[in-house]
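K.L.:
Sequence:
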Amino acid sequence: MPDPTSGRVRPHRTRPEGTATMPSKTAGTRRPSAARGGGRTPAPPRRPRGGGVRGLHERARKAWDRPLTAYYVIIGAGMLITGLGLVMVYSASMITALRYELVPSYFFRKQFLAALLGTGLLLAASRMPVKLHRALAYPILVGAVFLMVLVQIPGIGHNIGGNQNWISLGGPFMLQPSEFGKLALILWGADLLARKQDTKLLTQWKHMLVPLVPVAFMLLGLIMLGGDMGTAIVLTTILFGLLWTAGAPTRLFVGVLAVAGALGTLLIRTSPHRMDRFQCIGASDPGGEGAPCLQAAHGIYALASGGWFGSGLGASVEKWGQLPEAHTDFIFAVAGEELGLAGTLSVLALFAALGYAGIRVAGGTEDPFVRFAAGGVTTWITAQAVVNIGAVLGLLPIAGVPLPLFSYGGSALLPTMFAVGLLIAFARQEPAAKAALAMRRPGWGKRVGKRWKSMRRRVKKRPSGER
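FYI, my numbering numbers position 345 of the sequence shown as 345, with every residue one higher than the one before it.
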């Protein structure tokens, strides 16, 4: 056949008989023609990827498995609980302030000041290296024990609400050293257990118990001298959390639990006031003025009158004198009345997210100190939240402990925010999280600068008539 470029005739190549036809490269990708009409068969419709509940679960699992998820969840949940707590403290404390002839924002101002100081502690704790946290364990423990001893000295300690657990700092500011005792036990206990694990001593039960349990019982004794049973319960759960995270055998764990339970039962039975609190579980009749179940019953009334979405911020009825301690121990009841079931479930979801993120930090590290400290902080916050909310719901006896990060009280807020800063520091020091933060931090400013320069070039290149 003629060659259009040279004009010469090229011979026509014929395929020898009996040879097989070689398939083309695209033959395998073509679909066979239809039997009728010679058209192609339509491809079956594809199901959308990631649809339905299964796809949603997969996306949620992948998002949770990212290195920085626990880091952001701890920051977000901690800040949201604290911010919502400030709003509810202002709403729940206005009537109490007016009753004492104070400005309506009196308690809110004190709580806001404590939140500012707590934010500074949180930022400092989140930036400290693990070695510095371990170095602070013994000074914090010695300082907490010293202050708890000062509380029992007449003339220095103050009795509030039947419990002598306060020290006056001058003016309206009071300090409760037992709140710092929780943080001290966590840091010191985590450092102690980590050093014993490094030397392979935790396999012996005596090294697991001594001196951790005697020091914890010393703190419990100082707390119970002031009559604060609720704080003692929370401190006991912290001790159990440390032992559980350290891998204490079941018989040892049950033995310590039995001793603590026997002591607790003895202390409850020997105090008529504590027995009355146990009898108020599930109580719906407030009784007369000064009745032991007045607070428990009005807490249930506040929750019941909230409905689905509440009566609105500031519109609570129970805070006008019927509900004692509306801005401290029973602030969750006021939140249920003003924000409704939606608000209370949101608070529970935030505490659940914070607790779950803390468990992930404790379980995803190879540093024993980080594991023990993160487990202790998570046990502290979640157990205290359960004790407080359970008392408001009438499921547990009234223990007199505040809701972490939410209730009024600077002495409780400051160490709790420092503990949240610990979790943030541990979450950001994971190898994968550290690498992810290192990749994001230096590139942020460069990306913003490049985007701004590209926007300026686009504006300059536009025609004169274009807008």
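Think of the hints as simulated: they come from the structure by calculation, not from any bench. Glycine included, every Cβ here is placed at the ideal spot set by N, Cα and C. Each hint should be verified, as a subset may be incorrect.
[What the hints assert, rightly or not] Derived DSBU-like pairs (lysine-lysine); straight-line CA-CA distance at most 30 Å:
1) Lys-131 with Lys-200
2) Lys-131 with Lys-206
3) Lys-434 with Lys-110
4) Lys-434 with Lys-206
5) Lys-200 with Lys-434
6) Lys-131 with Lys-196
7) Lys-196 with Lys-206
8) Lys-62 with Lys-434
[Said to hold, decoys possible] FRET-style restraints, in silico, Cβ to Cβ:
9) Thr-265 with Pro-139: 49 to 57 Å
10) Ala-258 with Met-218: 15 to 23 Å
11) Gly-161 with Gly-307: 28 to 36 Å
12) Ile-153 with Leu-395: 32 to 40 Å
K.L.:
Okay, which hints does this one fail, numbers in order?
P.N.:
Violated: hints 3, 4, 9.
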